[in-house]
Amino acid sequence: MREGAKGRCPTVAKERPQYEYEYEPFAWWLTRQQIGRDLRERYAVAQELPPRLLALVRKLDAVEGDPS
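First residue of the sequence shown? That's 1 in my numbering, and the numbers climb one at a time after it.
Hints are computed from structural coordinates only; laboratory data are not their basis. Everything numeric in this text was worked out from a predicted model, so none of it was measured. One should not assume that every hint holds.
Unchecked claim - The calculated label-pair distances, taken between Cβ atoms and stated as ranges, are: (1) Glu15 to Ala44: 41 to 51 angstroms; (2) Glu15 to Glu48: 23 to 33 angstroms; (3) Gln33 to Glu64: 26 to 36 angstroms; (4) Glu15 to Arg58: 47 to 57 angstroms; (5) Ala46 to Phe26: 21 to 31 angstroms; (6) Pro51 to Glu22: 43 to 53 angstroms; (7) Gln47 to Glu15: 32 to 42 angstroms; (8) Arg32 to Arg58: 26 to 36 angstroms; (9) Glu15 to Pro50: 42 to 52 angstroms; (10) Glu15 to Asp61: 45 to 55 angstroms; (11) Arg40 to Glu15: 30 to 40 angstroms; (12) Glu22 to Ala62: 37 to 47 angstroms; (13) Val63 to Glu15: 22 to 32 angstroms.
Using N, Cα and C, we set each Cβ at its ideal position, and we do this for glycine too.
Build out the structure end to end from the sequences listed, making use of the hints.
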């Protein structure tokens with residue numbers, strides 16, 4: 001071991017290659033998709049919204065001017 005290298009990690013790249021940055025958004029999208037599938041397998045989908053959440057959605061629709 002070199003004198004100046006005592007107590008340090010071996011040489012490690014300080015920057016990630018550019019290709020990792022290019023695929024990172026796609027990797028996160030795939031991760032979110034998989035999480036959604038896993039949650040749908042585990043939990044039943046609600047057929048209607050709880051009253052408080054429905055009221056909030058209606059308020060948001062009114063603020064945004066959505067006629068539905």
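Here is how each hint holds up against the structure:
The hinted range of 41 to 51 angstroms is satisfied by Glu15 and Ala44, whose Cβ atoms lie roughly 46 angstroms apart. The beta-carbon spacing between Glu15 and Glu48, approximately 50 angstroms, falls outside the hinted interval of 23 to 33 angstroms. At roughly 27 angstroms, the beta-carbon separation of Gln33 and Glu64 lies within the given 26 to 36 angstroms, and the hint holds. Look at Glu15 against Arg58: about 49 angstroms separates their beta carbons, and that is inside 47 to 57 angstroms.
The hinted range of 21 to 31 angstroms is satisfied by Ala46 and Phe26, whose Cβ atoms lie roughly 30 angstroms apart. Restraint check, Pro51 to Glu22: a C-beta distance of roughly 45 angstroms satisfies the suggested window 43 to 53 angstroms. Taking 32 to 42 angstroms as the suggested C-beta distance range, the pair Gln47 and Glu15 does not conform, at roughly 50 angstroms. Between Arg32 and Arg58 the beta carbons are some 27 angstroms apart, a value that agrees with the proposed interval 26 to 36 angstroms.
As the Cβ distance of Glu15 to Pro50 is approximately 48 angstroms, the hint placing it in 42 to 52 angstroms holds. The beta-carbon spacing between Glu15 and Asp61, approximately 46 angstroms, falls within the hinted interval of 45 to 55 angstroms. Here the CB-CB span from Arg40 to Glu15 is close to 38 angstroms, well matched to the stated 30 to 40 angstroms. The hinted window of 37 to 47 angstroms between Glu22 and Ala62 holds, with their beta carbons roughly 42 angstroms apart.
In this structure the supplied range 22 to 32 angstroms is violated for Val63 paired with Glu15, their Cβ-Cβ distance being about 45 angstroms.
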